[in-house]
Amino acid sequence: MSKHPAWRDTIIAVVVLIIVLVIPLLHRSPAFEDFIIRLSAMALFATSLNLLVGNTGMVSFGHGMFYGFGAYAFALTMQMTELSLPVAAVIAVVATAFAALCVGAICVRLSTEYFAFITLAVQMLFYSIIISWQSLTGGDQGLRGGIPRREFFGFELESQLHLYQFCAIVGVLGLLALRHISVSPFGQTLRMIRDNEDRASFLGIVLWRARLSAFTIAGAFAGLGGVLAALFVSGAYPEFADWPNSGQAIFAVMLGGIHSFLGPVVGGMILLALNDLVTRYTEYHGLILGIVILIFAVGLRRGVLDFIKLIRLGRAR
Amino acid sequence: MTRTRKPGLSRRSTLALMGAGAATFAAPWVARADSKKLMIGMQSILSGPIALLGTSSRNALLMEQDRINAAGGFLGRQIEFVFRDSKGQPQEAARLARELVNTNGCELLVDAEASSGAFAVQEVVRSLGVPCIHTNSETSSLTADPKIRAPTAFRVARQGVHDAVAGSIYLSGYANTNKINKWATCAPDYAYGRDTTAQYLEFFKKFKPDIEIVTEAWPKLGQPDFTEVITKLIQAKPQALFTLLYAGDLSAFVNQGNIYALFAQMKVATPNVDYPVLAAIKNLPAGIQSATRYLETFPDTPANKAFGEAYLKRWKERPTNWSWQNTVAMQFYEAAIKKANSLDGKALAAALTGLKINTPFGVDGTITMRDDHTTINYAIGWGQTTPKPPFIVDVKPSDWGKIIEYETEWKKQQKYI
Amino acid sequence: MDLDALGACLTTPACVVTQTTSGLIVGMLLFLVAAGVTLIFGVLKIVNFAHGTFYMLGGYVAYTVLGVTDSYTLAVLAGALAMAVFGVLFERALISRVYNSDVLMQLLICYAVVLIFDDVVKIVWGPEFHAMGMPAAFQVPPFFIAGGVVPPFYAVLIGIAALIAIILGLGLSLTRFGKTVRAAAINPQMVSALGINTTLLFAIVFAIGGGLAGMAGALAAPVRSLSPGMGFSILIESFIVTVIGGMGSILGALVAALLIGMVRGFGTIGFPQFTDGLIYIMMIAILLLRPQGLFGRAS
Chain V
0 MSKHPAWRDT
10 IIAVVVLIIV
20 LVIPLLHRSP
30 AFEDFIIRLS
40 AMALFATSLN
50 LLVGNTGMVS
60 FGHGMFYGFG
70 AYAFALTMQM
80 TELSLPVAAV
90 IAVVATAFAA
100 LCVGAICVRL
110 STEYFAFITL
120 AVQMLFYSII
130 ISWQSLTGGD
140 QGLRGGIPRR
150 EFFGFELESQ
160 LHLYQFCAIV
170 GVLGLLALRH
180 ISVSPFGQTL
190 RMIRDNEDRA
200 SFLGIVLWRA
210 RLSAFTIAGA
220 FAGLGGVLAA
230 LFVSGAYPEF
240 ADWPNSGQAI
250 FAVMLGGIHS
260 FLGPVVGGMI
270 LLALNDLVTR
280 YTEYHGLILG
290 IVILIFAVGL
300 RRGVLDFIKL
310 IRLGRAR
Chain D
0 MTRTRKPGLS
10 RRSTLALMGA
20 GAATFAAPWV
30 ARADSKKLMI
40 GMQSILSGPI
50 ALLGTSSRNA
60 LLMEQDRINA
70 AGGFLGRQIE
80 FVFRDSKGQP
90 QEAARLAREL
100 VNTNGCELLV
110 DAEASSGAFA
120 VQEVVRSLGV
130 PCIHTNSETS
140 SLTADPKIRA
150 PTAFRVARQG
160 VHDAVAGSIY
170 LSGYANTNKI
180 NKWATCAPDY
190 AYGRDTTAQY
200 LEFFKKFKPD
210 IEIVTEAWPK
220 LGQPDFTEVI
230 TKLIQAKPQA
240 LFTLLYAGDL
250 SAFVNQGNIY
260 ALFAQMKVAT
270 PNVDYPVLAA
280 IKNLPAGIQS
290 ATRYLETFPD
300 TPANKAFGEA
310 YLKRWKERPT
320 NWSWQNTVAM
330 QFYEAAIKKA
340 NSLDGKALAA
350 ALTGLKINTP
360 FGVDGTITMR
370 DDHTTINYAI
380 GWGQTTPKPP
390 FIVDVKPSDW
400 GKIIEYETEW
410 KKQQKYI
Chain P
0 MDLDALGACL
10 TTPACVVTQT
20 TSGLIVGMLL
30 FLVAAGVTLI
40 FGVLKIVNFA
50 HGTFYMLGGY
60 VAYTVLGVTD
70 SYTLAVLAGA
80 LAMAVFGVLF
90 ERALISRVYN
100 SDVLMQLLIC
110 YAVVLIFDDV
120 VKIVWGPEFH
130 AMGMPAAFQV
140 PPFFIAGGVV
150 PPFYAVLIGI
160 AALIAIILGL
170 GLSLTRFGKT
180 VRAAAINPQM
190 VSALGINTTL
200 LFAIVFAIGG
210 GLAGMAGALA
220 APVRSLSPGM
230 GFSILIESFI
240 VTVIGGMGSI
250 LGALVAALLI
260 GMVRGFGTIG
270 FPQFTDGLIY
280 IMMIAILLLR
290 PQGLFGRAS
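Chains as they are written, first to last, in numbering that gives the first Met the number 0: chain V, 0 to 316; chain D, 0 to 416; chain P, 0 to 298.
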């Protein structure tokens, strides 16, 4: 480990960001740009879930509700007010954090399996509210009419290139923030709770408060992911908040590795690329995806990055 | 570092894994360079309880692909469809539309999504400016609402408001003859079901002010069991039931309704009966008032019958409403491309607007693309079911003059014009 | 909301009988599926997210067997038997590898199986829906109790499901095997230390769970449409049942399944647009007030 991990992380983030921003200047590929836009949303969504699953040991089955909440909050703010885009995004993220705080206040005291089930149940309730509250959300049709994309700081998000740049910047900055949280003393506390909650509690840590903070932060970043997703499809749809979408984040976390910070990002890449590639050649997309998942689950028994870490540890020994 | 091998952790396997990973990520962006062939993107629901919508659309398009290629293709280029399954999810529909154009190099789109997907595709088409024909969305606002209409997107499909006017005129006559005032409705609990039910009721009440709706039932789309819905309907003792259920849901509803003898207790009217649904319902009750979605015998012309027979011969089942709509979409593309001599979005849009083509599915052998990007003069009528072919008899064609008159009034009321 | 209609219904015998029958049939079929989920969890501590797939495959197998043999009885038995075998294979080939992993690994494997078999069904039976049709013996008019409608087919289904519930309950409380199962649910290490073959026990539990779900799929096939992915909604409902009734409790599953059936039966009259929401609220309330469920043991 370097002596200044925070500097090291920042430098890595800046280098990655520069590379991603330079690519379209050399060669325009709309497909690649679409991929990065979707990945930035997915990466925030899955990495924020891993703050709960990998860091704190809280398995949430309902993380999609905050992704959906962020998307609807952002899209509705843009449609109903004249606020500028970044302000609407901030409002959406703050509103999502508040929603996560409320949901968390109900859920975090429950133990592992029951926590998983209650998050699932709250999500399904939220989903059925989106479906029934037609006048606000457009029901199952989703929010129609597109999201107005008002120009700000020279960003014109109608343009594919600008949307790409915006999503890349927000995605990388968001991940960097999550990284800071995860290595901070607060992040250490969460890991201690995961490994031994009795010991943590003897040390004077208020378990529910730490868990609730983690749940709220994770919800806020999932909401930010939802904002990017809403920009990409120019609307908000109930599927964002449905259980298969929560499943996507869980699978991204599992495929990439729950004990590596970048695991969920890699997992998200695998899922998206697999989906794009397989749907191109066969309509039996589930069959292929299922077999790949089985290979990971039964063969590697862990995510890709965790597997590579294991190999490196094995070598070093 | 030691040289002892650990099981399952060899360097070779790691390299292989990384190689496979790299190939996975690189492959999606290697564009296909076959510029001679004209790729046409088609997306629809090809899985789940209403997969029939997608498969019967695809079947029709494959027949059109063969026909058009045999006739020399479009502008001398052979055409080839790229089919994609959105599973009916709007966000996946939006992604697929972008991918079909951006990655697969499709120059034309046939959007065979149901309404929820079609609205998502509409936004993508608006921003990409690619020519697109929606073939399965019946929700009127897709093209009627000027805020939602997109410059290069057209609809070749029956439309909710047309159906509602035609159905209400027919059913109010039926209700008058049989002295039926107490009605129940049963429709899937999502936008199509609710909006269309409301539209039917609005016109129905206009033509027959003394009807009474005694109960409404809203089962979920794809709900496995309709028992509680059926018993609720029976409890309310309506004289007739109007239902918008379709495909697998309609078949399950009829099968479950049969064991409650629902069809002996009330008259039933539905606009959504397709051939494969009729075939799947093992004990189809006679005398259901039904609209013609697609019927070989309506319009009763040799060309229409030939289409139905050719389809049956090739796919071993009869066509659906979605089959004719997709067929006509390709006929419109064919005529417009010939007229514009171009594949450009704007040029095609100009050529399509107001275009009138000859086709077996028109009420008088023609269908017109109106300047609000939607089709009129397609075959539309009501009759009643029989358990054996031709399945629907006594078909009465609807009056297009009246349909357009009331449609215009409705559009004014919605402030669309 | 239409509380007047609900009140009117509850005071009319005909309406009560009709809606109760409809609640019973929904509830009892749900029980058959949920019983397997709860049994498997009770003994193996595995949340079987692939249980809906057993239900789906049971229905399709029955559809094919009916087409070949023209016997509904054979079709139902075949659906149950095939899924019992499938359950054992699933347990041996996959689930046995993740007994010591966390719930996420189990979820991952089950999800993979769901994806694979939804597509296998698409390949074998086609993507479009199928309807099995009512067996000729049941094509008879419904009979009436106190003015309420009761279809004979449903009366038979309710009878079969109730019979199975009784056999299952008695089997678990009286037989040696049942005692082993209950002991394994409380302390698996001890059962294993006593020399009982837990491998066999686990396989049998999966056979029973799979068989029940397959049978439910087959029993429902004459009236419900068959389509790939149909296991999904039944899976969610059987989870709700398992959570409300208490993970691992057969009696709990029965009570909760009937409760949901009744909420559907009467909720459709009182709150037609919000029956699902009502069920989720019930689940949340149970998790908050009594996380182990109505009949579950506190851990």
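None of these hints come from the bench; they were simulated from the model.
Fair warning: there could be bad hints in the mix.
A few chain P residues facing chain D, derived, Cβ under 8 Å [what the hints assert, rightly or not]: (1) 6; (2) 24; (3) 140; (4) 142; (5) 143; (6) 145; (7) 221; (8) 224; (9) 227; (10) 228; (11) 273; (12) 288.
To be clear about the criterion: a stretch of chain V counts as covered by chain D if any three or more of its residues have a C-beta under 8 Å from a C-beta of chain D, and this derived list gives those stretches [said to hold, decoys possible]: (13) 5-17; (14) 134-140; (15) 177-184; (16) 223-233; (17) 276-283.
Ideal Cβ positions, reconstructed from N, Cα and C, are used throughout, including at glycine.
Hint numbers contradicted by this structure: 1, 4, 5, 6, 11, 12, 13, 15
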